[in-house]
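**Q** Sequence:
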Amino acid sequence: MMSYNEADVSLRAESRLTERSQTTIPAAIRDALHLKPGETIQYSLMPGGKVVMSRYQGEEHDDPVVNQFLSFLEKDMVKNPQRIQPVTADLWSGIEELTAGINVDLDAPLTDDE
Numbered sequence: 005m006m007s008y009n010e011a012d013v014s015l016r017a018e019s020r021l022t023e024r025s026q027t028t029i030p031a032a033i034r035d036a037l038h039l040k041p042g043e044t045i046q047y048s049l050m051p052g053g054k055v056v057m058s059r060y061q062g063e064e065h066d067d068p069v070v071n072q073f074l075s076f077l078e079k080d081m082v083k084n085p086q087r088i089q090p091v092t093a094d095l096w097s098g099i100e101e102l103t104a105g106i107n108v109d110l111d112a113p114l115t116d117d118e
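When the letters of the sequence shown are read in order and numbered with our numbering, they come out as residues 5 to 118.
Treat the hints as calculated values from the structure; they're not laboratory data. Where a beta carbon is used, it is the ideal one built from N, C-alpha and C, also for glycine. Treat the hints with caution; some may be incorrect.
List time: in silico DMTMM-like cross-link candidates among lysine to aspartate or glutamate, alpha-carbon distance up to 25 Å [unchecked claim]:
hint : residue 1 : residue 2
1    : Lys54     : Asp67
2    : Lys54     : Asp12
3    : Lys83     : Glu101
Quick list of the computed label-pair ranges, beta carbon to beta carbon [said to hold, decoys possible]:
hint : residue 1 : residue 2 : range
4    : Phe76     : Ser48     : 22 to 30 Å
5    : Pro68     : Thr92     : 30 to 38 Å
6    : Glu43     : Phe76     : 23 to 31 Å
7    : Met50     : Asp80     : 23 to 31 Å
8    : Ala17     : Thr115    : 18 to 26 Å
9    : Glu101    : Asp12     : 49 to 57 Å
10   : Glu78     : Arg24     : 29 to 37 Å
11   : Gly98     : Ala17     : 27 to 35 Å
12   : Val108    : Ala11     : 35 to 43 Å
13   : Gln86     : Ser58     : 47 to 55 Å
14   : Thr22     : Met81     : 36 to 44 Å
15   : Asp111    : Met57     : 14 to 22 Å
16   : Glu78     : Thr115    : 36 to 44 Å
Generate coordinates for the entire structure from the input sequences, incorporating the hints supplied.
**A** Okay, structure coming up:
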């Protein structure tokens with residue numbers, strides 16, 4: 005675990021917890037760490053109650069449910085390759101129609117209602 009000295013701190017920022025105990029990482033910190041939406045961050049609890057947040061450098065921990073589903077799909081594709089179908093233009097048009105007008109800002113902070 006990394007240790008640090010208070011004198012080494014080059015940037016400080018604050019954020020507030022929402023009712024659901026969520027917070028937004030302040031833009032100055034996101035920019036300093038070059039964090040992008042979807043990236044993993046790591047929290048290290050230091051002696052005295054300090055927390056160090058950093059960009060996660062290790063391997064991503066796989067989700068066991070997603071892994072089981074992907075394994076199921078792989079086995080089914082090997083066992084039944086005749087079931088694999090291309091995405092047709094009609095299917096793609098239907099997908100576009102269902103999602104038309106839906107805008108998602110992945111950089112927007114979560115609200116308590118989400």
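**Q** Against which earlier hints does the structure fall short, listed by number upward?
**A** 1, 3, 4, 7 and 11
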